[in-house]
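**Student:** Sequence:
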Amino acid sequence: MARTEIRDSIGRIIGFIEDMPNGDKTVRDKYGRIIGFYRKSNNTTTDEYGRIIVRGDACAMLFK
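Counting with my numbering, you get residues 5 to 68 for the letters of the sequence shown.
Treat the hints as calculated values from the structure; they're not laboratory data.
One should not assume that every hint holds.
Quick list of in silico lysine to any residue cross-link-like pairs, SDA-like style, CA-CA up to 25 Å [stated by the list, open to error]:
{"hint": "1", "residue 1": "Lys68", "residue 2": "Ala6"}
{"hint": "2", "residue 1": "Lys29", "residue 2": "Ser45"}
{"hint": "3", "residue 1": "Lys44", "residue 2": "Gly15"}
{"hint": "4", "residue 1": "Lys44", "residue 2": "Arg16"}
Please model the complete structure; the sequences and the hints are all you need to start from.
**Tutor:** Okay, structure coming up:
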């Protein structure tokens, strides 16, 4: 599992995207709380409650 840090414009860590071997991704905030998912099998990005946000990989869009 690969973990990518996401930073804001001044370099502060605002979250992480964890890539799974099967192509799925888990999006976490800077405190490690889950804020969303990308599921490769159905090509959707969902919020932490499972509601579809967009078709396709839009994990970075989950950061506010």
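**Student:** Checking each numbered hint in turn, tell me which of them this model violates, lowest number first.
**Tutor:** 3 and 4
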